[in-house]
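Engineer: Fit chain to chain and form the complex, with the hints in mind.
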Amino acid sequence: MNAADMLPASDTLWLALVVLGGSLAASLIFLGVLLGRLRETERRLDEKESRHETVLDRLQENEFRLRTIIESEPECVKLQAEDGTVLEINPAGLRLVDANQPADIIGRKIFSVVAPEYFDIYRENMRRVFAGEAVVYEFRAITLKNRVAWMETHAAPLRDARGNIYALLGITRDITEHKQAEEQARRHQTELARVARLSTMGEMATGIAHELNQPLSAIANFSRGCIRRLRSGGMSPQELIVPLEEVCEQAERAGDILRHVRDFVRKREPRLKSLDVNQIVRAVVKFTEHEARHQCTHVRLNLDPLLPKVAADAIMIEQVIVNLVRNAIEAMTEVTPSRREIVIQTRLFESDSVEVEVADTGPGIEGGLIDQVFDQFFTTKPEGVGMGLAISRSIIESHGGKIRAESSRDGGAILRFTLKISAQQSHRRERADSIHS
Amino acid sequence: MNEPTVFIVDDDQAVARSLRWLIESVRLRVENFGSAQAFIDGYDAARPGCLVLDVRMPGMSGLELQERLAAQRIHIPIIFITGHGDVQMAVRAVQAGAFDFVEKPFNDQDLLDRIQRAITRDAEWRDRDLQQARLRALFATLTPRETEVLELVVEGLSNKAVANALGLSAKTVEVHRAKVMEKMHARSLSDLVKMAMQRQG
Numbered sequence: 018m019n020a021a022d023m024l025p026a027s028d029t030l031w032l033a034l035v036v037l038g039g040s041l042a043a044s045l046i047f048l049g050v051l052l053g054r055l056r057e058t059e060r061r062l063d064e065k066e067s068r069h070e071t072v073l074d075r076l077q078e079n080e081f082r083l084r085t086i087i088e089s090e091p092e093c094v095k096l097q098a099e100d101g102t103v104l105e106i107n108p109a110g111l112r113l114v115d116a117n118q119p120a121d122i123i124g125r126k127i128f129s130v131v132a133p134e135y136f137d138i139y140r141e142n143m144r145r146v147f148a149g150e151a152v153v154y155e156f157r158a159i160t161l162k163n164r165v166a167w168m169e170t171h172a173a174p175l176r177d178a179r180g181n182i183y184a185l186l187g188i189t190r191d192i193t194e195h196k197q198a199e200e201q202a203r204r205h206q207t208e209l210a211r212v213a214r215l216s217t218m219g220e221m222a223t224g225i226a227h228e229l230n231q232p233l234s235a236i237a238n239f240s241r242g243c244i245r246r247l248r249s250g251g252m253s254p255q256e257l258i259v260p261l262e263e264v265c266e267q268a269e270r271a272g273d274i275l276r277h278v279r280d281f282v283r284k285r286e287p288r289l290k291s292l293d294v295n296q297i298v299r300a301v302v303k304f305t306e307h308e309a310r311h312q313c314t315h316v317r318l319n320l321d322p323l324l325p326k327v328a329a330d331a332i333m334i335e336q337v338i339v340n341l342v343r344n345a346i347e348a349m350t351e352v353t354p355s356r357r358e359i360v361i362q363t364r365l366f367e368s369d370s371v372e373v374e375v376a377d378t379g380p381g382i383e384g385g386l387i388d389q390v391f392d393q394f395f396t397t398k399p400e401g402v403g404m405g406l407a408i409s410r411s412i413i414e415s416h417g418g419k420i421r422a423e424s425s426r427d428g429g430a431i432l433r434f435t436l437k438i439s440a441q442q443s444h445r446r447e448r449a450d451s452i453h454s
Numbered sequence: 010m011n012e013p014t015v016f017i018v019d020d021d022q023a024v025a026r027s028l029r030w031l032i033e034s035v036r037l038r039v040e041n042f043g044s045a046q047a048f049i050d051g052y053d054a055a056r057p058g059c060l061v062l063d064v065r066m067p068g069m070s071g072l073e074l075q076e077r078l079a080a081q082r083i084h085i086p087i088i089f090i091t092g093h094g095d096v097q098m099a100v101r102a103v104q105a106g107a108f109d110f111v112e113k114p115f116n117d118q119d120l121l122d123r124i125q126r127a128i129t130r131d132a133e134w135r136d137r138d139l140q141q142a143r144l145r146a147l148f149a150t151l152t153p154r155e156t157e158v159l160e161l162v163v164e165g166l167s168n169k170a171v172a173n174a175l176g177l178s179a180k181t182v183e184v185h186r187a188k189v190m191e192k193m194h195a196r197s198l199s200d201l202v203k204m205a206m207q208r209q210g
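For the protein sequence lines, the chains are L and D, in the order given.
When we follow the working numbering, the leftmost residue of the first sequence carries the number 18, and every step to the right adds one.
When we follow the working numbering, the leftmost residue of the second sequence carries the number 10, and every step to the right adds one.
Isolated chain D (complex conformation) (with noise of 0.2 Å):
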């Protein structure tokens, strides 16, 4: 399941049915979808990969399925393909977030190799998704007087100063630093600091 698929919205089936074949002789999953609805009613945003779309569609165009993505918050890049005179319409696509576009009629090895970027960029968007849902779990292990104390020492503050800062000891300070640093998984207070970031980013 973790497997990347390509997924395919094109009303045409003869040009979705080639587009499969030229994708799949790379060995790639695909999968075809015959319109934008089709593809709204049978995606699981779990799945990863990329969406090859077609811009000129009846009924929902590839332009308002972008929207109606964005609108649900599913990030899954989006390779617009345009016919000849659309190239507005692809500009209006990649300035809405598309991940790319091609232009019919287009070169294969092109078309794979965005493919292949964009499970690629597919792939790291998960991977930090993971990165930061992990984090925000750590940080929520946190008790609120060690969530003061890390907050401060993220600052660059020493142990002696964060104690001042808090009205407590120095050694009270040590003591919740290094469950701070055991509870994060965090070997150096370099690794912490980079933790904190991620959070925030």
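This is chain L alone, in the form it adopts within the complex (with noise of 0.2 Å):
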């Protein structure tokens, strides 16, 4: 059989295994290229997951980083959410709560810890970490051993992708001995303040003695140059009544400086209470308003309406301002009627006290005189038994605050003095400065 023959079937097998090869040929080509293009993929997909590895194991790394040094951290590192559960807490964390494990703590409230007295201030801060703020804050905490410690805690913020707060970042620590010393200084001052009055006291005996010496003379000396006269004859009972008018006004001296002394001595501790000082003020100008009016003498208020308020005990403090004020129109009996100006002002001092103020317009301190202001018994006044200040200061130091006197430069004489604001005012004050700011 020839090829030509065969051709046509020939030809035919040829050409389906000419096609067959060529379709052959490109299908193995199009395999290797697929071939080719799925071990690019696979070695990027390799790559990239060795990447993501790589990146995983480094989040890894961190977070174990982060865990040690939490972990290790000295200090009481916890996690807390917005209702108070504890959602992580450190080892030191867990020794300061007496836990023994994590579960002891972990999943349960804060509030488990702090003391009841606390909450209120605790809740108050927790919602201001919530609201965004970094806060420090003190505590009185009950472990769960009821251990009872002072804590003090500075929490933070924690904010997650988007930027939404999901927790609260808390680092606490134990006070409690820092707490002591001061508290162990503070009574070191009541002790001292107590020792101090003590040998006030003794000055003031003799104060007292001298002073009452002197119509206790005077009463003897006119009855004295009575009797002799008396028993000398030819004395009419009308010469009589100018000396024995004068035992009687020197016997109710004597009782001024004995009354003055008992009010002093009768002092009470005071009881302290949560008061508005500006409030206090008006009630002084308003019972003051008569004598003042009848001096002459102008009072004119300068009150910082925003003031917290103080703890205090208010008819203490309503006598020293009364004192003030007297003190103040009598200065000015020698200044010309239309220049007599009582300035009342109050004001914050120094954050932590409420500072009120009396100014006059009168003859003022002079300077050697300032430090004197506040003896028992110093008075520039000739009806004065020199108490009021002395009261005042007394007082005053009584409530942990301090007085002061001095001269304008005007002329006329300042009297200060200071008293602490109340604690839950204090708190109060602060969240109102954050809002502020």
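Think of the hints as simulated: they come from the structure by calculation, not from any bench.
Every residue gets a Cβ at the ideal spot worked out from N, C-alpha and C, and that includes glycine.
Residues from chain D shown here face chain L by an in silico Cβ test under 8 Å; the list is partial:
#, residue
1, A23
2, V24
3, R26
4, S27
5, L28
6, W30
7, S34
8, G92
9, P114
10, D117
Cβ pair distances, simulated, as ranges:
#, chain 1, residue 1, chain 2, residue 2, range
11, L, P354, D, A47, 27 to 33 Å
12, L, P354, D, R36, 45 to 51 Å
13, L, L261, D, P57, 31 to 37 Å
14, D, D122, L, A226, 21 to 27 Å
15, D, S70, L, K303, 40 to 46 Å
16, D, D122, L, P254, 24 to 30 Å
17, L, R204, D, A105, 47 to 53 Å
18, D, Q81, L, G272, 38 to 44 Å
19, L, I258, D, V96, 34 to 40 Å
20, L, L261, D, A47, 26 to 32 Å
Structural biologist: The following block contains the structure:
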């Protein structure tokens, strides 16, 4: 059989073979390409995956590192949810709250270790943190083993990638020792004040003796003078009236001294309440109004309306302000009536106190006498006994405040005293400040 | 003007008035001063009497007033009135020449007695001062020669010994001596000796 004869049949076969072979080759090439692509993708995927793994590794490493830092951190580090649930806490934190294992505290509310009287303060600070603030607060803690301790927490918000606050990060330390030292220092101060008061009482006794001697001597002299004249005769009863009136006056003077001493000695401990100083100032102005008007004295008020409340005994502080206002009124009797003015101001003082200032337009205080004005029986007034400012100082000091006197540049006297802001109030004020800022 | 006066210096007006009332009851003249300065300004040293002074006073104290008077050679007797616990101050005052002191509250008779004694003392002082002034005036009338003679005579020298010492005749000494006796108003030699001693004292 020759090839030509066989052509149609073999042709077809060849064609079929060629076609088949061609398509096979093409397919193979295509496959090869595909495989290549696949390998490329695979390689890329591998690469990506390994990169991914590196990132994950790094993340894990980072977390591990952070965890190590937090775990070995000597101070309590904890995360809390908005409702106070403890999410995480480090070993130092466990020790701080006397927990044996994490389960003792994690998942529980932080309030299980906060003294009830500090619940409000604690909640308020948590609220501030979840509002985005960083805060520092102190509280009394009662640990899981009922140990009482003072704690200080520095707390800040933790945010997720979208910036939402999801936890409170708190670092807490035990400040019990510090608090005790503070308390001891305070007790020491009180003791010092007591000793000072005792020696002041010694001085006062001498002062009283000297002061009472004056009217008593006068009474004795007037009476003896009368007796001598009566004995020697030739004295009309009318002539006795004047010296006897003097005797009465001096007896009253002695009585006044004793009354002041009694007021001074019957000093009770101040009953501190949270109160508005401005209100007391206004009350005092009201009941000294008559005296002021009688002396043509104008009283002007310049009171800070945003003043926080102070911890004070209302009656005592009233007495102090009355003393200062009366002193001011009396100091100005020599001044031209149109110039008699008392200005009472209140203001915040050194962030933890309120200052009350009573200024007059009188002759002021002689430079050398500034230190003496608060001494018992120091007076420049003919009718004065010199107890007002001494009592005022005693009251202000028993409140933990300070009282000072000075002469103003315009010549009048300025008396200032401070009172501590009450504890709840200082807290509220901080909040007000944070809102303003 | 020669009547003795009790000068009271006390810043406590009521006490000062009461002292005056008491002291006037024994018919003594009294004048009150409200401060040490007021006394310094108002007091005439020629006026006899005594000073009743409160130790404690604002401004110039009683002790300071005492110092000021001493510096001005004013020798009025001072009775200090001291309060309770001022005894040390009183002791200082007496050491500085105060006449006396009474402690408050005092017995009236006690104070009045001390005032009387102080007034007597003041009179004595003034009398002595007067005597001395008179003597100084008499001595001033003598000539230098008469003074020389006087000094030797009062030492107890005889006329003859004085004459020898001064190189004069006994007769001349006798004339000088008679002149001295006359000028000094001395009645005897012993009078003259007393006067010479007083002048020195």
